[in-house]
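Construct the complete structure from the given sequences, taking the supplied hints into account.
Residue numbers (our numbering), protein chains in the order written: chain W, 14 to 316; chain U, -13 to 234; chain A, 245 to 604.
Because the hints were derived from the structure by calculation, they are not lab data.
As the structure is a computational prediction, the values presented were derived from the model and not from experiment.
Yeah, the Cβ is synthetic: ideal placement off N, Cα and C, and Gly gets one too.
Any given hint could be a false lead.
[To be verified] Result set (DSS-like, lysine-lysine): computed pairs, CA atoms no more than 30 Å apart in a straight line:
#, chain 1, residue 1, chain 2, residue 2
1, W, Lys112, A, Lys418
2, U, Lys95, A, Lys469
3, A, Lys573, W, Lys112
4, U, Lys95, U, Lys80
[As the list claims (entries may be wrong)] Computed beta-carbon distance windows for the label pairs:
#, chain 1, residue 1, chain 2, residue 2, range
5, U, Glu(-7), W, Val17, 55 to 65 Å
6, W, Gln313, A, Val409, 52 to 62 Å
7, W, Ile21, U, Phe1, 37 to 47 Å
8, U, Glu114, A, Gly320, 28 to 38 Å
9, W, Arg107, A, Phe562, 17 to 27 Å
10, W, Glu212, A, Gly579, 17 to 27 Å
11, W, Val17, U, Arg49, 53 to 63 Å
[Stated by the list, open to error] Selected chain A positions facing chain U (in silico; Cβ < 10 Å):
#, residue
12, Thr248
13, Leu250
14, Ala271
15, Pro584
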Amino acid sequence: MQQVLGNISVLATMPIFNLGLLIDGLLIGSIFALAAYGLALVWGVMNVKNLAQGDFIMIGGYITWSLGRLGFNPLIGVPVAMVVLWVLGWVLYRTVISKVIARDLFTSLLATFGIAIVIQQGLNLAFGPDTQSAHADLPTLSLAGGLITIATTRILGFVSAILLAVAVVLFMRKSRMGQAIRATAQDSRAARVLGIDTEKVYSFTFCLNAAICGAAGALVAMVWNVQPFLGTTYSIRLFVIVTAAGFGNLPGVIAAGFGMGVFEQFGGFVLGAEFQQALIVLLLLMVLAVRQLQQLRIRQAVQ
Amino acid sequence: MTDAIIELVNVNKSFGGVIANRDVSLTVERGAITGLIGPNGSGKTTLFNSIVGYHPIDSGTIRFEGREISQLRVQEIARLGLLRTFQTTRIYGKMSCVQNMQISIPHRKAAFFDMFAYERAGVIERAEHLLAFVGLYEKRFLRAGSLSFGQQKLLEFAMALMNEPTVLLLDEPTAGINPTLINGLIDRLKRANAEFGITMLIIEHNMRVIMNMASKIYCLAHGEMLAAGEPDEIQRNQNVIDAYLGAH
Amino acid sequence: MSRTSLHPITIGLLLLAGVAAPLLFPAYTNQIAVLWLMIVFASTWDILGGQMGYNSLGNIFFFGAGMYTSAVVQIGLFYDVGMYTSGARTTHIVFTTAQYFTGFALGMMAAGVAAALLALATSWIVFGLRGPYFAIGTLGVAVAGAELIASWEWVGAAGGISMPVFPGAPEVQKLFFYFLLFGLAFVVLVFLRWLYSTNFGLAINAIRDDEEKAEAMGLYTGRYKRTAWAISAFFLGIAGAIFGNMTGFIEPRDIAFPTTTFNIFMILMVLLGGKGTFWGPVVGAVVFHVIKEVTWTYFLGWQFVALGLLIVIIVVYFQQGIVGWLMEKYPERFGIRVAPKEKQDLARPASLSPQPEGAE
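See below:
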C-alpha cells in the first residue's frame, strides 16, 4: 500500500512522468488496437470469439524471436510471422473452426480455448517457460532532460501497427474480398443468396486475423516480451477492448485499444508489474458489469 | 363506464430512427375479447412488447388494473396476471407437455422454499385437465419439442391458461394453423374467455377469425391508431380498407 | 428423471464401490479418491451447464475459495494467520490431534458456507450475461480469485500455505481423505437426484430451454439461477477444503484455482459423459479420469497438448457425450417419449421460418 501511494505521489508531483506513461501507452496500445481489430473482425463476420487470439500473437512473437536468434533482423519477423500464421489459420479453419461455426456459441468458445491450450503448452515445450524478447538494437530517445525515455523500437512498432491497420482497412473498403467480408458480416444469408461464397469469406477472414496476430506478435516480441502463457493475458485484454467498444464499432475498438495501453502503463506504474494480470481481469469484470447495466436499461441481457 | 383493465395513453416507441408506435391509445375492457389489426409493419407486436414490459417505452402511460406498469419488467408484469403468447410459439422443447404445464403454475403465489417442493397432485390434475381442454391429453407425456407446430401452439395456450392470467395477449394465435383446425382453436379461445373469465387482446391477420370473436377492434397503420370500433364498423371503415389495400 | 431418490440398488452399488475400492486396490487409493472428486466436479458443473444452460468457465473459483477459507479457519482458530503464513517464520508449528480435527471440521463447514455466500455475491456480476459472455465473465471471476489470493500477504500470497499436518499414519491418512471425498460424492449424487425431482429441476430446465419464455411466464429466474450457483459453490467449497488438506500444501495458481486443469476437466467430463443427464457427468468423470491416469505418464511432457486436443475433438465431434448418444438411440429406455412424425400442418409451408419478434 505504501508503495502504491508513493507511486501515485510521484505521478502527481512530476507531471512529466505522466506524459512518458501516456506516450508509452499509446505506442503499446497501437499493437493492442491492431490485434483487437482482428478479433472484432472474426467476431463480427463469423460470430466466433477466438480465445486463442493471444496465443496466435505469441506464436508470431516466438517466430520473430527465433529469427532474431538466428541472426536475422527481427523486423523480418513481421512478414514471416504473417505468412506462417496465415497458413496456420487456414489449417485451423479447415480442421476445427469450420465445424463449429454453425453450432452454439459455447462450442466455438471451447474449441478455441482448446486450441489455446495446445498452443500454450506446445510453445512451452518448444521454447521453455522463460520470458523472451527480440531486441532490434535500436537507440532509445531521451526527452525532457532524461525523464522520458522512448525506445525507438516502440515508435517503430507504433508506425508499423498503424500502417498495417490502414492497409487492412483500405483492403476492407476497396477490394472485392473486403466487400464480400463486410457483406457477410452484415447478413450471411443474404450474402449467400447474392452469390458470395461465404465459406471462402470465413476462411479468408480467419486467416487474415491470424496474420494480423502474427504481425502483432512480431511487434510485441520487439517492443515488449513473449512467454508461452502470456497469451491468455492478451486474449482477455483484447476481449475487454472489443467488449467495451462493441465489435461493430471500428473507431471505438481502436480508441479502446489505445486506452487499454495507456491504462496498463499507468496501472503498472502505480501498482507494480506483478499486478498486470489482476488489473486486466478486474477491468474485464468492470466492463462486463457496465455492459450489464447498459443492457438493463433496455431490459435485455448481455448476449 | 366500462371497466378498462388495460389502458394505453399516448404510447410512443421508436427504434433508432424508426417510429414504431406514435401516440397510440387504446383500452381493453375487462372480460371482453379485443382485437388489434393492421397491415404488416404497423407496429402491433411492438405495442404488445411494450405492454408486457419487453422494452421500455419512450413516453406515454400503460395501466393495468389501474396501476402504471410501463416501468416494470416482463417477469413482474407476468406475475401481476398479464401474460402473452408468442408469434413464434415458444415452449420448453426438451421437457414433456405435462412438465411444461407444471412449470407454468402462477409463480406470484410461490414462496422461496416452494422451489424445493414436489409436483403436488392438484397441479398435475389441473395440468391434465387443461391439456385435455386443448386436445393434447393423449400426447401429454411426449417431448414438447417433437410435437407439430399446431400442437405446440395449443400447448403454449394451455400453459398460459395454467398460469391463471387475468389478461392474455395473443400474438396471431391462428397463424400457421391448418384451416380445418382453426375453428377448434377459436372455440377454445372463446370458451377460455367465457368460462375462465380471461380478458383477451388478440393480434390477428385472419379477418374472419377476429371479426367473429372480438367485441371491439383497433386498427393500427404506420404506427398510428387508424380506427377503433365494433367489428362491422371497422369492416366498413374506408381508412381501414385503404390501409390494407395499400392506398396510403 | 422424475424419481425423487436413487434406486436402492444404485445406492447399494455406490456404497459397495466406494467401500470396496480401497480394499481391492490399496495402491490406488489416492487416485480413486481423486476420481470421487472428479465426480463432484462434473456433477456440480452440470447443474449450471447441463441442467440450466449456463456454461461456466469459473466454477473452480469456489473450489479455491473453500480451500483457502478452510485453511484460514484451521490455522486461525489456534494461531495468528498472518504470522503462520509469513515466509519469515522460523518456529515450527504443530497442531494437536484435537486441534487438527476440530479445525478441519469447522473449516469444511466454513468453506461450504463461504463459497455459497461468494456465489450469491458474484451472481450479480455474472447473471446478466448470457452464453459466451457468461463463460468469459466466470473465467474472469476465477482468474481474479487466483490473482487476488496471489497478492494477499496474509494468506501467503503466491508462496502458498503449508497446511496443518495430519496427525496419524500415512495409511490412515490415505483412507481418511478417501472416505471424505467418497462421502462428499455420495451426498452430492443423492442430493442432486432429489433436487432435480422437485420444482427446482423443472425450473432450471425451463430456463435452459427458453429463458425469455420462463420470464414471460413469471418464473423467478433470478432466484433459481442464484440458488443453483450457490449449491454448486457449496459443494465445491467443501471439496476444496478436503483437497487442500489432502495435498498438504496450497497455493493460488496451480492448486486452488487451476483454471487450465481441473476447471477445464469439469467441462470435458460432462461433455464426454453427456450434458444435462444425471449419470452423464458420472460416466464422463470415470472414463476421463481412468484414461487420464492410465495414459498420463506415456505422454512425456505432452500431456497438456493432448488435453487441448482432446477438448477440441470432444467439442467438435462428440458433443452429446456417451449418455446423450445413448439417449438418442434408445429414448424409450430413458423415459423420453417422442411424438411420431406426422404430416405437417398444411397451412404452413415447410420452408417458412418464423418472423423475428418486433417485425410488426
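Okay, the hints, checked on the actual structure:
no., hint, verdict
1, W:Lys112 - A:Lys418, "violated, 45 Å"
2, U:Lys95 - A:Lys469, "holds, 19 Å"
3, A:Lys573 - W:Lys112, "holds, 23 Å"
4, U:Lys95 - U:Lys80, "holds, 26 Å"
5, U:Glu(-7) - W:Val17: 55 to 65 Å, "holds, 58 Å"
6, W:Gln313 - A:Val409: 52 to 62 Å, "holds, 53 Å"
7, W:Ile21 - U:Phe1: 37 to 47 Å, "holds, 45 Å"
8, U:Glu114 - A:Gly320: 28 to 38 Å, "violated, 57 Å"
9, W:Arg107 - A:Phe562: 17 to 27 Å, "holds, 19 Å"
10, W:Glu212 - A:Gly579: 17 to 27 Å, "violated, 41 Å"
11, W:Val17 - U:Arg49: 53 to 63 Å, "holds, 54 Å"
12, Thr248, "holds, 7 Å"
13, Leu250, "violated, 16 Å"
14, Ala271, "violated, 42 Å"
15, Pro584, "holds, 9 Å"
Consistency with the previously given hints fails for numbers 1, 8, 10, 13 and 14, ordered from lowest to highest.
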